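Trainee: Which chain is which? The protein sequence lines are S and H, in order. Per the working numbering, the first sequence runs over residues 1 to 731. Per the working numbering, the second sequence runs over residues 1001 to 1149.
Simulated from the structure, these hints should not be mistaken for laboratory data. Just so it is clear, the structure is predicted and the values come from calculations on it, not from any experiment. Among the clues, some could well be false.
Unchecked claim - Far from chain S, some chain H residues (derived; all Cβ distances over 12 Å):
(1) G1008
(2) G1039
(3) A1041
(4) G1066
(5) K1117
(6) R1132
(7) K1148
What the hints assert, rightly or not - Straight line, CA to CA, 25 Å or less: simulated BS3-like cross-link-like pairs of lysine-lysine:
(8) K1117/H / K617/S
(9) K204/S / K1117/H
(10) K1087/H / K94/S
(11) K1084/H / K207/S
Claimed, not checked - Listed below are several chain S residues computed to face chain H (Cβ distance under 7 Å; list not exhaustive):
(12) G74
(13) K207
(14) D224
(15) P228
(16) W278
(17) M351
(18) E352
(19) G400
(20) R433
(21) V642
(22) S667
(23) M676
(24) V679
The beta-carbon is built from N, C-alpha and C at its ideal position, and this holds for glycine as well.
Here is what each chain is made of, one letter per residue.
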Amino acid sequence: MTIHQTSLRPSSLRRPSLRRRGFLVSGAAVAGGFSLGFSTFGTAHAAEAKELNAWVVVMPDDKVVIRIARSEMGQGTLTGLSQLVAEELECDWKKVTTEYPTPGENLKRGRVWKNFSTGGSRGIRESNQYVREGGAMAREMLIAAAAAQWKVPAAECNAASSVITHKPSGKKLTYGAVAAAAAQLEPPKEVKLKDPKDWKIAGKPVKRLDTLDKVTGKQMYGIDFTMPGMLVATVRACPVIGGKLKSFDAAKVEKMPGVKKVVAIDGNAVVVVADTYWNARTALAALPTEWDIGDLGKVSSETITQMLTEGLIAPEAFVGNKVGDAKAAIDGAAKKVEAIYSFPYQHHVTMEPMNATALVTADKCEVWCGTQNGEAALAAASEAAGLPIAKCDVIKLMLGGGFGRRGRSDYVRQAVLVAKEMPGTPVKLIWSREEDMTHCQYHPITMCKLTGGLDAQGNLVGLQVRISGQSILASLLPGNLVNGMDPATFQGLMASGVEAAYGYNVPNLLIDHAMRNPHITPGFWRGVNVNQNAVYMECFMDELAQAAGQDPLAFRMKLLKPKWAAVLKAAADKAGYGKPLPAGHFHGISQVMGYGSYVAGVAEVSVSPDGHLKIHKITAATNPGHVVNPAQIERQVAGSFVYGLSAALYGEITVKDGAVEQTNFDSYNVMRMDEMPRVETVLVPTNDFWGGVGEPTIAVAAPAVLNAIAKATGKRVRNLPLMHHELKKGA
Amino acid sequence: MAVLNVNGKALNHSADPRTPLLWVLREQLALTGTKYGCGIAQCGSCTVHIDGVATRSCQVPVNSVGNRKITTIEALAANGTLTKIQKAWVELDVPQCGYCQSGMIMAATALLAAKPKPTDADIDAAMTNICRCGTYQQVREAIHAAAKA
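Model the full assembly from the supplied sequences, consistent with the hints where possible.
Mentor: Structure below.
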């Protein structure tokens, strides 16, 4: 068994500290150290700890603390970013541990850690350059300090595995021995980064740094945080998003066991504060409450569908991608193919429900929580507390899942508003699963009408794609709209760019978006708009291939640009596409570019005569450019199929009387182990760019399976989730 | 005051008798390795052993436990040595966010106690815990690895 950087120790030493000094979550005041989140010891800010730069702290015993600005939520960013720093630092990987700087300290130090936001699969692809430079600069300073001590030229020294060697004499010093001197030196103005071909730590399948605490129950998540005198609150917001609180009768519950306070916040929610979560929850359930939902009560899934259906043929739409004259080409085509697809609202369902702990006094606001966006959480805390941002801070804790949900700070705002009602008393606000399920920022709802024209030889001569539905940016970030258009709506269908470009060469193409925004708040949901766009495009490609009488792979390969084609071919080759399969088994394929990476999937499924779907195997290919940790990429790819197939099979949020109908896992099902297909991952890196890994593969899961089902049954499923469809023969 | 037999110790608590065992463990006894995920015995994040049987503690009123033996994730490596299941979990780098993993490990521990060499079908039947990161493939491999250890 290999365990890096930590050892089993009594849990009493690993409980969170309540005291925060300086800026980082850990401190040296508690004997033996303590941990917040994943930080395994709290000595990084002790006097003997030497900060070489924002990213690297070296201890006298050679331990290395690497600072990570992005949030760990399971995707492995702590480990991957540490690998990149450690690679350039030339340190002993076994001596590496990590910690989070706070967003408040980031602001105080001129945003030295840059972006904290953890979403869009950006962790490594956006920060690889500056974190590697941090490691390389620290290495050069350590070498320079050793050379100065030896009074030799630095050029005669090298560094490896946390040891500096003077090559001519063979003298050696460890990093810990020269860290104090190195910390006094000016950093080099420029550093040369290694060629990835020479990587020894990065690019390798090293183990995660955060596993041990997660198998012993010691890992602390936001919901586990506690401090002396802390009270626990739980909230019920208006069941109709956008509705208001009309009245509540606090007197009915104020005498219930443990209840300390009943408060209204933001004019749309009631909160019970008690000694424990269970007492708060019990009292909240008994609290009489009336809501004002106005006309929103008339909205249902049916009215939303009507709104989107109208958008499919509306004359006005934002144009996202246009080549030639699609309408004329289709009108003149030998064969016309048309289909309408739909994609429902979906919920992230992080395993850990939303929560945050806040402590507000007259001149200070502190928040402890899991967040994907520490700086946004800090801004939300400052606004809710009514205190300048310099008097606030957010201490990030491990996330029990993020998937985009914890990029929003609504729960942070609520926790601070409640804590503000009880100055000096820390309050942990925990959402029930039911509150979490009904007050999300959901995967947006859209529909899509696709029309294709084929010539007499079965070549695609024109394609029109009309998306109708909800814009995330219009709701959450209206400042990012471009002349009213939401460019992110076209993820995976964009004309160009390194982010999410469309891979097919179609001579006449029109992709546009009729924006229709129901009141149900949309949000960023792992994979975001690539998910539905891949279902629309990749399923319709199979429909076009079928109409052309061609194999779906051959049909695509004629149209795909090289990088898109290469990854699809890699998946197809590995899966044995086109070769005989067991009786009753069928392959379906799909590909997409998203988050800077190229991905493809092959699903092998069977459908029994009584309609039982079995997904036997998935073969997935990924070209993320540079590979930082192949083992973690495999896990992200396999996990992406669980996430994507959960959504394809079961994911659907419906609306009745203006409110979300699903409340818990009994009404919002997800995939469990018995339905999980074996996933084989093929990495085909071209080592010429930096792509993301956490999200793109989700998008190929549903279309690959839907295409295989169509082959197995002859039925083309165009509306998700699959659970509504009878796949039985003759049905 | 009432007494619970947890991880080999008699521990006092003052919770209302109808409080779910989950919240007594978490809020009264500071055993936060057992997680709240759904509260309706669907997700398995709160799985503990009661007299060796994997049980979803969110649906167990504390006054129904009596003096039966409760085991939580914190007890598995209490002597400083990981169990063979925990070792397999580390060896195969199973957890991602990790929130569901206490429950997964408690369920897997009960499975191996009952069936030392489980088949894939046994694993499917016993491991109904939800993981949203999607660690199922690694969980299955780790159970097989632990069975061979």
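Trainee: Does R433/S hold up as a contact with chain H if the rule is Cβ-Cβ below 7 Å?
Mentor: Interface hint status for R433/S: holds (5 Å vs cutoff 7 Å).
Trainee: Just checking, G1039/H versus chain S, shortest CB gap more than 12 Å?
Mentor: The claim breaks: G1039/H does not keep its Cβ more than 12 Å from every Cβ of chain S (closest is about 6 Å).
Trainee: Grab the minimum C-beta distance from V642/S to chain H and call the hint holds if it beats 7 Å, violated otherwise.
Mentor: Check passed: Cβ of V642/S comes within 3 Å of chain H, closer than 7 Å.
Trainee: Could you check if M676/S really has its C-beta closer than 7 Å to a C-beta on chain H?
Mentor: 4 Å, holds
Trainee: For the pair we were handed, K1084/H and K207/S, check the Cα-Cα distance against 25 Å.
Mentor: 18 Å, holds
Trainee: Hint check: is the beta carbon of E352/S less than 7 Å from a beta carbon of chain H?
Mentor: With a closest approach of 5 Å, the E352/S hint holds.
Trainee: Given a cut of 7 Å on the nearest C-beta pair, is the interface hint for M351/S held or broken against chain H?
Mentor: 4 Å, holds
Trainee: Would you check whether the claim that K1117/H is not at the interface survives, using Cβ distances to chain S and the 12 Å cut-off?
Mentor: The assertion about K1117/H holds, with a minimum of 18 Å to chain S.
Trainee: Quick check for students: does the CB of R1132/H sit more than 12 Å from each CB in chain S?
Mentor: The assertion about R1132/H is violated, with a minimum of 5 Å to chain S.
Trainee: Compute the least Cβ-Cβ separation between G1008/H and chain S, then decide whether it is above 12 Å.
Mentor: About 15 Å separates G1008/H from the closest Cβ of chain S, which puts it past 12 Å; holds.
Trainee: Does the claim that A1041/H lies outside the interface with chain S hold up, using a Cβ gap greater than 12 Å?
Mentor: About 10 Å separates A1041/H from the closest Cβ of chain S, which leaves it inside 12 Å; violated.
Trainee: Can G400/S be said to touch chain H, with a Cβ gap under 7 Å?
Mentor: 3 Å, holds
Checked against the numbered hints given earlier, the structure breaks hints 2, 3, 6, 9, 15, 22 and satisfies all the rest.
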